[in-house]
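Using the sequences and the accompanying hints, generate a full structural model.
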Amino acid sequence: MAKIRFIQHDGTEHVVEGVVGLSIMQTARNNLVPGIIGDCGGNCSCATCHGYIDPDWVDKLEPQTEDETVMLDGAMHQESNSRLTCQIKLTPELDGIVVRLPISQV
Amino acid sequence: MSATVTEPVQWDPYNPQFFRDPYPVFRRLREEAPLYHNEEHGFYAISRYVEVERALKETKALSSARGSILEIIKANAELPDAVFIFQDPPIHTAYRTLLQRAITPKRMNALEGQVRKFCAECLDPLVGADRFDFIADLGSKMPMRVISMLLGIPEEDQEAVRQSGDDRLRTEAGKPMAFSVEANISGNAFADYIEWRTKHPSDDMMTELLHAEFTDPTGTVRKLKRDELLTIVDVVAGAGNETTNRLIGWAGKELADHPDQRRALVANPALVPQAIEELLRFQTPGPAIGRYVAQDIEFYGQTVPAGTAMMLLIGAANRDDRRFADGDTFNIHREQRPHLGFGHGIHACIGAALARVEGRVALQEVLKRFPEWSVDEEHAELASTSTVRGWETLPVFVGAAAKGVTASSTKAAPVAAASTGEASSLEGTWNLVVKGPTGPQPTVLVLERKGGALVGTQTGQGSTSTITDLHVDGNKVSWVNHTTKPIKLKVTFTGELTGNSMSGKCKAGFMGSYPFTAVKE
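Taken in sequence, the protein lines are chains R and W.
Numbering-wise (the working numbering), the first sequence opens with residue 378 and increments by one.
Numbering-wise (the working numbering), the second sequence opens with residue 219 and increments by one.
Since the hints were derived computationally from the structure, they do not count as laboratory data.
All C-beta atoms, glycine included, are put in the ideal place defined by N, C-alpha and C.
None of the hints are false.
List of simulated lysine to aspartate or glutamate pairs, EDC-like, C-alpha gap at most 16 angstroms:
| id | chain 1 | residue 1 | chain 2 | residue 2 |
| --- | --- | --- | --- | --- |
| 1 | W | Lys-324 | R | Glu-445 |
| 2 | W | Lys-278 | W | Asp-306 |
| 3 | W | Lys-324 | R | Glu-456 |
| 4 | W | Lys-324 | R | Asp-450 |
| 5 | W | Lys-443 | W | Asp-299 |
| 6 | W | Lys-723 | W | Glu-610 |
Cβ-Cβ distance ranges computed for the label pairs, FRET-style:
| id | chain 1 | residue 1 | chain 2 | residue 2 | range |
| --- | --- | --- | --- | --- | --- |
| 7 | W | Asp-342 | R | Val-435 | 45 to 53 angstroms |
| 8 | W | Leu-489 | R | Leu-409 | 19 to 27 angstroms |
| 9 | R | Val-435 | W | Pro-523 | 46 to 54 angstroms |
| 10 | W | Thr-702 | R | Glu-443 | 33 to 41 angstroms |
See the structure below:
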């Protein structure tokens, strides 16, 4: 298990326990965390699971694939620490990761 | 309390009664037969949220390669690769990847100003009238204009192609769309446009798709062929227009039925995006999606055998109380949770971001001008197709005429502008639109007299064929067209002539019957 701290745009926090191997997007959906849509179910094809990774955690992630970079560029309100959370699989090292959510996905 | 004997629940997708209000049956399916088997029509159906979501993600056992419409699955038709919505990976992936990069949330939201302008152009002329039609005046027009713009059809050309139809048919509200721009931008005219755009590149999506390289299903890196591009644009534009039109219609209907929630939106337009999500959940325009069962798959401990068809009842899943508290209640204030209105998984609606922008802006612009409306129930019509459920025409009373004013105090129901009864001949060029299962399908019918006999051709999807069995009896006309694209079909048209317009039904082989309208040039 690995804890994820989601912080909504309005500051509301949701701390959820995620299963190692599942994506951050799927964990958010499974726990009904508002602010993540994830229509395409983790196929990197809708850009509606966009989140900002807390700077302390950015370097612990696998780098973006070309697919993710292209789709992320199509997400709303992109920042330098933006990621598509369906592309980040939980590992024990990510226990405690902090993900901020954009004002809107669409 | 006395027990009542109840028949086992039955869901027949072809029964118009179920179509009108499917929700009581959907509720019973969820509770009494979460894995439902319809022996007569040879399919299974699932209706609870968790299982429908799981099934949408299951692309091996539940295949899209035979289509996602029950009739097509049962017909075992072979569909072109570029009809990627009816393919599995890796064919689906090749085309989808190419297209989805052109349709991202950021790019679609950048169109907001244009969408707003188109809505204003539809709605401004109606201000001061005592009625308008959510479908004829807005839903059937605005999404088509957005698509035309995205594809880079110059504004002046859009106007020209729309003119011939609008001159005759836009005069009165409260009448279903009889003709529109799509008739003129598909088929051969559209192919010509692609050729022209090839030579005159712009910064639009069409230019991008013309020049983009992709890895095709065989692994070759290449550009799209012309016929592939035509197919993709037709499928995507058709599916997108029709469904967004239905979303706009449901906004008109549900917010008329729930005036308190409509007033809450007028008071606080920031609630509009969540109202759109609630509309998509509560009245999902595409309430049922089919899959071919390619491998045995288990639901609730029961095996669904390979070789059959499975219906995923999105409209039922979106009202499942297990997922949405009090699911049969329309409530724009409910806790926001993802719904399945756009599907889920690799086939999730590729135009979702555009639909959300269009829905949101359309509703905002309607509310700004018409804070009060009520449905003219007598003239509202629900359309029936295999894939989409929504209003074919939704006339509403606005302003002082709204809220249960009797028919005598309002204008009489408008009549078709073209029905002047003047004697007219069949000879000529007809822009004919079939309201098919994936949206409006434009064709051009050319009728001429040769050696005393009336003969004709029909062009659609870039291919032309000679029509057969042409019969004329008074104002009744019928003929047969054997189409080759996108699939081989015998299509029988039966219509009634009124001046320079024609309307009726066409029976498209195994795909069922669909209404059509035609206007002579």
